[in-house]
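Start from chain A and add chain B according to the hints.
Number of protein chains: 2
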Amino acid sequence: RQEGGREMAAWARAVRGLLLDVSGVLYDSGGDGGVPIAGSVEAVRRIKASGLKLRFCTNETQATREKFVKKLQGMGFDISVAEVTAPAPAACRILKERSLRPHLLVHNDLVPEFAEIDKANPNCVVIGDAAENFTYANLNEAFRVLIGMEKPVLISLGRGRYYKETDGLKLDVGAYMKALEYACDVQAEVVGKPAKAFFESALAEMGVPPQEAIMIGDDIVNDVGGAQRCGMRALQVRTGKYRPCDENHPHVKPDAYVNNLAEAVDVILQQL
Amino acid sequence: RQEGGREMAAWARAVRGLLLDVSGVLYDSGGDGGVPIAGSVEAVRRIKASGLKLRFCTNETQATREKFVKKLQGMGFDISVAEVTAPAPAACRILKERSLRPHLLVHNDLVPEFAEIDKANPNCVVIGDAAENFTYANLNEAFRVLIGMEKPVLISLGRGRYYKETDGLKLDVGAYMKALEYACDVQAEVVGKPAKAFFESALAEMGVPPQEAIMIGDDIVNDVGGAQRCGMRALQVRTGKYRPCDENHPHVKPDAYVNNLAEAVDVILQQL
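Residue numbers (the UniProt record's numbering), protein chains in the order written: chain A, 1 to 272; chain B, 1 to 272.
If we strip away everything but chain A, and leave its shape as in the complex, we get (with noise of 0.2 Å):
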């Protein structure tokens, strides 16, 4: 086990900006609701009271931004929609550039993030995390439209393998992403963590180059290795999916480890 602060003191010197990832990072997801992370609300407060730059970067995609900015304000974040870097806008900037008119299969609640986007017609399908509209009929729909294109474009919002919530595991937007794969002999194109693509438009609107950025997470996978793979150094927080197997894993090592985002703020703020 690497120690946070004796690890860190070298590099974090440097830091300008924080990247948060927000479930298992500011509070625990479960149902309709959820509870802060022990400690999470202050430390939001005290990264914005240091000058440190900071952008919440987040997967969500069971609810527009506002819906979810709304409940996390409701637990006692500090937080605005401005500061919400999500999978759906940085899809619908894809969708207009490229003029793709999607067929959604998403969740109820992330229909309206498409309000403005022209979905007659489709010649792509969108696939987010669309938990109970994961039915037999819609994934067969969503097939059919894909395996209908001459070249199938599938874009996903995040590949995630699989979430907890209070009522247990529940399969996430990656599995299903990997089932349409398979079916249409295509590849997704994924919008969302870890697409560098991703973490370089939230650096962006951060204003904060690679090398000066610190992004702290839960996910091993599409935390820490998507933004080491853009240059920034990343934290594993031990709250939300981290499991103690995520240690050895083959392929990531995070620059360090906390044990939750008040241990990080701790440490960082302790080096500037």
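Source of the hints: derived by calculation from the structure; they are not laboratory data.
Misleading hints may appear alongside valid ones.
In this list, chains with the same sequence are indistinguishable; a pair is considered to hold if it fits within one copy or across any two.
Heads up, simulated BS3-like pairs for lysine-lysine below, C-alpha to C-alpha not over 27 Å straight-line [as the list claims (entries may be wrong)]: (1) Lys96 - Lys151; (2) Lys151 - Lys170; (3) Lys70 - Lys170; (4) Lys253 - Lys151; (5) Lys164 - Lys151; (6) Lys48 - Lys67; (7) Lys253 - Lys170; (8) Lys67 - Lys53; (9) Lys119 - Lys96; (10) Lys53 - Lys71; (11) Lys170 - Lys196; (12) Lys151 - Lys196.
Predicted, not measured: the structure shown is a model, and the values here were computed from it.
Here is chain B on its own, set in the frame of chain A:
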């Protein structure tokens, strides 16, 4: 394009047994029923009259063999349960041999095939073409059983991508297998075509070595490619799921093409 008769002359004389795929070769499926392909009922009779050994080799997992055979008899085919090699009985043999207790994610009509298998306290998951049983809840449940195992064992009854029914294309078991494989970071064991062991058991039941057997199927990968990897010759019929682009398949080339089963039988019987 290869011509059936000419190409086959050189090797078809050695043939002593035929393996026939069923759906797309004998009949076209759809909804609750199906329609025999022109000439197929008579072709099966001619094979039996010729003295050639015959075995039906199917990946059908939406019904017990009893129900499946009854449907084919109803269309006029001379077929009995004892002549059918299907994934569920093959899976049952594996489950017994390895003391595996399955959690089943299969079609309701297939469940009786597993009647004699201990299913308490499952230590593996068996997935078939569950069709309407591929619900969000059932997929999450199968996933939770798998991810809860120290070493997840996933047995898949086939690995088809999709198939066609009268009301359109449907995702096949392979797509859902891929979803679970990805979520659990595990590789499924495939029982059924194109698995080598499955063809070998069909050959053993027929008592014919691979070099003296011909597989006739509509699926370029699962029928033709699978049989050829076992040392058999294989013909592709231009019925069922056959598509003209199959004739440019990058890896698999049938030993000959025939327009349908009736033509295959014509050509083979001419060589004897």
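Consistency of the hints with the structure:
In this assembly of identical chains, Lys96 and Lys151 lie within 27 Å of each other by CA distance solely inside one copy; the values are 18 Å within and 45 Å between copies. In the homo-oligomer, the alpha carbons of Lys151 and Lys170 lie at most 27 Å apart only across protomers (19 Å), although the nearest pairing inside one protomer, at 31 Å, exceeds that limit. Taking the shortest alpha-carbon separations for Lys70 and Lys170, only the intra-copy value of 24 Å comes in at or below 27 Å, while the best inter-copy value is 39 Å. Taking identical chains as interchangeable, the C-alpha atoms of Lys253 and Lys151 lie at most 27 Å apart only when they sit on different chains, with a minimum of 24 Å there against 37 Å within one chain.
In this homomeric assembly, Lys164 and Lys151 come within 27 Å of each other (Cα to Cα) only across copies, at 20 Å, whereas the closest approach inside a single copy is 35 Å. Proximity of Lys48 and Lys67 under a CA criterion of 27 Å is satisfied intra-copy only: 22 Å inside one chain copy versus 68 Å between copies. In this homomeric assembly, Lys253 and Lys170 come within 27 Å of each other (Cα to Cα) only inside a single copy, at 26 Å, whereas the closest approach across copies is 41 Å. Taking CA atoms no more than 27 Å apart as the test, Lys67 paired with Lys53 passes inside one copy only; the shortest distance there is 23 Å, against 66 Å between copies.
Taking the shortest Cα distances, Lys119 and Lys96 sit within 27 Å of each other inside one copy (11 Å), while across copies they are farther apart (51 Å). For the homomeric pair Lys53 and Lys71, the shortest alpha-carbon distance inside one copy (22 Å) is at most 27 Å, but the shortest distance between copies (68 Å) is not. For the homomeric pair Lys170 and Lys196, the shortest alpha-carbon distance inside one copy (26 Å) is at most 27 Å, but the shortest distance between copies (34 Å) is not. Taking identical chains as interchangeable, the C-alpha atoms of Lys151 and Lys196 lie at most 27 Å apart only when both belong to the same chain, with a minimum of 24 Å there against 32 Å between chains.
Violated hints: none; the structure is consistent with every hint.
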